[in-house]
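S.K.: These are the residues of each chain, in order.
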Amino acid sequence: MQTQIEIHTEPLNIQSCIDWVMSPDSGGIDVFIGTVRNATKGKRVLKLEFEAYKKMAINEINKISEQVFKQWPVQKVLVHHRTGTLHVGEIPVIIAVSAAHRDAAFEACRYIIDTLKQTVPIWKKEFFEDGEIWVAAHP
Amino acid sequence: MEINILAFGIAKDIFGASTVSVELPAGSSTAHLKASLEDKYPKLKQLASYMVAVNNEYAEDCLTITERDEVAIIPPVSGG
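Residue numbers (our numbering), protein chains in the order written: chain H, 1 to 139; chain R, 1 to 80.
Derived by calculation from the structure, the hints in this document are not laboratory data.
Every value quoted in this text rests on a predicted model; they were computed, and no experiment measured them.
Where hints are given, some of them may not hold.
As the list claims (entries may be wrong) - The list that follows gives simulated cross-link-like pairs (lysine-lysine, DSS-like), each with its CA atoms no further than 27 Å apart:
#	chain 1	residue 1	chain 2	residue 2
1	H	LYS70	H	LYS125
2	H	LYS125	H	LYS63
3	R	LYS34	H	LYS47
4	H	LYS47	R	LYS43
5	R	LYS43	H	LYS63
6	R	LYS43	H	LYS117
7	H	LYS70	R	LYS12
As the list claims (entries may be wrong) - Which bits of chain H does chain R cover? Going by a derived footprint, with three or more residues having C-beta under 8 Å, they are:
#	stretch
8	9-17
9	61-75
What the hints assert, rightly or not - Just a few of them, taken from the derived set where beta-carbon distance is under 7 Å, the chain H residues facing chain R:
#	residue
10	VAL36
11	HIS87
12	VAL88
13	GLY89
Where a beta carbon is used, it is the ideal one built from N, C-alpha and C, also for glycine.
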């Protein structure tokens with residue numbers, strides 16, 4: 001039962017995330033890689049800015065990971081999230097889960113990204129040609 | 001008592017600063033804090049929702065706040 005959580009401004013490294021969750025007991029690794037999309041509702045996105053309340057965000061991701069280990073027979077959980085300015089195609093988040101069997105890895109990975117988007121204090125601002133908005137701030 | 005509040009995301013724009021302080025009677029709760037902030041910054045009420053975090057945990061409205069607590073305003077999150 002091992003968890004690695006990181007939040008920082010450096011570019012995320014996909015290979016090192018996969019290497020960290022790899023283990024001889026594992027039959028598979030499920031990886032979710034979030035990428036910056038070039039448009040939102042048909043409007044061209046120039047860049048995103050991510051901000052985190054780092055201490056609390058790590059706390060909340062830890063809670064998600066604890067829940068995952070209670071709910072699924074997984075071996076390692078990794079969540080790396082980037083902050084700062086990201087351009088189209090760059091990677092704000094990597095989630096990697098290893099497990100003996102694939103069902104647990106797939107389900108846990110999905111649960112982590114879905115829950116992260118609901119509870120973890122990280123915010124993104126979208127920059128368009130004609131303005132900028134904090135995503136989800138207003139109804 | 002004076003409570004210092006950390007602001008993130010759109011809350012920072014609404015307050016015009018990444019920290020603000022409010023004066024509250026001793027023994028005030030999260031709900032009192034929200035009411036006081038909404039009074040001072042009515043745009044908070046236009047948000048889809050927002051939470052108060054006390055010492056890095058989401059706080060219920062009835063939680064009593066003290067000057068020693070780390071208090072933050074958490075507008076709707078959008079990570080990932």
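S.K.: Next, verify each hint and record whether it holds.
M.R.: The hints, checked one at a time:
no.: 1; hint: H:LYS70 to H:LYS125; verdict: violated (34 Å)
no.: 2; hint: H:LYS125 to H:LYS63; verdict: holds (25 Å)
no.: 3; hint: R:LYS34 to H:LYS47; verdict: violated (32 Å)
no.: 4; hint: H:LYS47 to R:LYS43; verdict: holds (26 Å)
no.: 5; hint: R:LYS43 to H:LYS63; verdict: violated (31 Å)
no.: 6; hint: R:LYS43 to H:LYS117; verdict: holds (24 Å)
no.: 7; hint: H:LYS70 to R:LYS12; verdict: violated (36 Å)
no.: 8; hint: 9-17; verdict: violated (count 0)
no.: 9; hint: 61-75; verdict: violated (count 0)
no.: 10; hint: VAL36; verdict: violated (11 Å)
no.: 11; hint: HIS87; verdict: violated (17 Å)
no.: 12; hint: VAL88; verdict: violated (16 Å)
no.: 13; hint: GLY89; verdict: violated (16 Å)
Checked against the numbered hints above, the structure violates hints 1, 3, 5, 7, 8, 9, 10, 11, 12 and 13; every other hint is satisfied.
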